[in-house]
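Add chain B to chain Z, keeping to what the hints say.
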Amino acid sequence: EDQVTQSPEALRLQEGESSSLNCSYTVSGLRGLFWYRQDPGKGPEFLFTLYSAGEEKEKERLKATLTKKESFLHITAPKPEDSATYLCAFTNTGNQFYFGTGTSLTVIP
Amino acid sequence: ETGVTQTPRHLVMGMTNKKSLKCEQHLGHNAMYWYKQSAKKPLELMFVYSLEERVENNSVPSRFSPECPNSSHLFLHLHTLQPEDSALYLCASSQETTYNEQFFGPGTRLTVL
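Residue numbers (our numbering), protein chains in the order written: chain Z, 1 to 109; chain B, 110 to 222.
Here chain Z stands alone, though its shape is the one from the complex (with noise of 0.2 Å):
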């Protein structure tokens, strides 16, 4: 059965405390993995896109990583603005989604 876990569900960090959030997940066929961000009380805003194993990308201070049971999320050096809930997700090759539950992250000045 397909299906994806975030852990931590929350996490505390310093500013400047660099951490990783991560998304495991099992799929019979993996289409793309996804990663979110959302502020409370509004829509998630899309982070990236990867395909697969060994893909990585950047944003700022945000990078994921991709291998073939799960995906990591590092942050480098956040700050407040960085305070969110990551969501996670993938689609399969059956075009169904899922998504996790997601990791609410605080990042303390």
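Since the hints were made in silico from the structure, they are not lab data. Think of the CB as a built atom: it goes at the ideal place given N, C-alpha and C, for glycine as much as any other residue. You may find that some hints are simply not true.
What the hints assert, rightly or not - Simulated crosslink set (BS3-like; lysine-lysine; CA at most 25 Å straight-line):
(1) B:145 <-> B:128
(2) Z:57 <-> B:131
(3) Z:42 <-> B:150
(4) Z:42 <-> B:131
As the list claims (entries may be wrong) - Each pair of labels, with its calculated beta carbon distance range:
(5) Z:56 <-> B:172: 40 to 50 Å
(6) Z:76 <-> B:126: 21 to 31 Å
(7) Z:69 <-> B:116: 11 to 21 Å
Frame of chain Z, contents of chain B only:
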């Protein structure tokens, strides 16, 4: 306006009311989606439309009725809802249903009394 817009942003309704949620995308996309987001749960895909044809309906109760009059507009008609239907309802669009990135609207916060 650009991107994906949703109205209203907040809605409070009684269990016997009938209301509609509206979504409009200004991205030239061909696919549109309705999601339900409840606290501590993953986004639940409700409906998918591709080129105005419904391509997916994930066992959603009949008290939710979607309508897609054209590729830029999507509605969700609500009637005789239950308190457990209270949630954030999100609309999204993508270039194609097989295209990967979905772009979301700000959502409608629905409260059913």
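>> Would the hint linking residue 145 (chain B) and residue 128 (chain B) be met if the CA-CA limit is 25 Å?
In response: holds (16 Å)
>> Taking the Cβ atom of residue 76 (chain Z) and the Cβ atom of residue 126 (chain B), is their distance within the range 21 to 31 Å?
In response: violated (49 Å)
> Is it true that residue 69 (chain Z) and residue 116 (chain B) lie within 11 to 21 Å of each other by Cβ?
Replying inline: violated (41 Å)
> Does the Cβ pair residue 56 (chain Z), residue 172 (chain B) satisfy 40 to 50 Å?
Replying inline: With a Cβ separation near 44 Å, residue 56 (chain Z) and residue 172 (chain B) satisfy 40 to 50 Å, so the hint holds.
> Hey, residue 57 (chain Z) versus residue 131 (chain B), does the alpha-carbon distance stay inside 25 Å?
Replying inline: At roughly 34 Å apart (the allowed maximum being 25 Å), residue 131 (chain B) and residue 57 (chain Z) break the hint.
>> Next pair to validate is residue 42 (chain Z) with residue 131 (chain B); report whether the Cα-Cα distance is within 25 Å.
In response: Holds, at roughly 16 Å.
> Are the Cα atoms of residue 42 (chain Z) and residue 150 (chain B) separated by 25 Å or less?
Replying inline: Between residue 42 (chain Z) and residue 150 (chain B) the Cα gap is close to 16 Å, so the pair holds against 25 Å.
Checked against the numbered hints above, the structure breaks hints 2, 6 and 7 and satisfies the rest.
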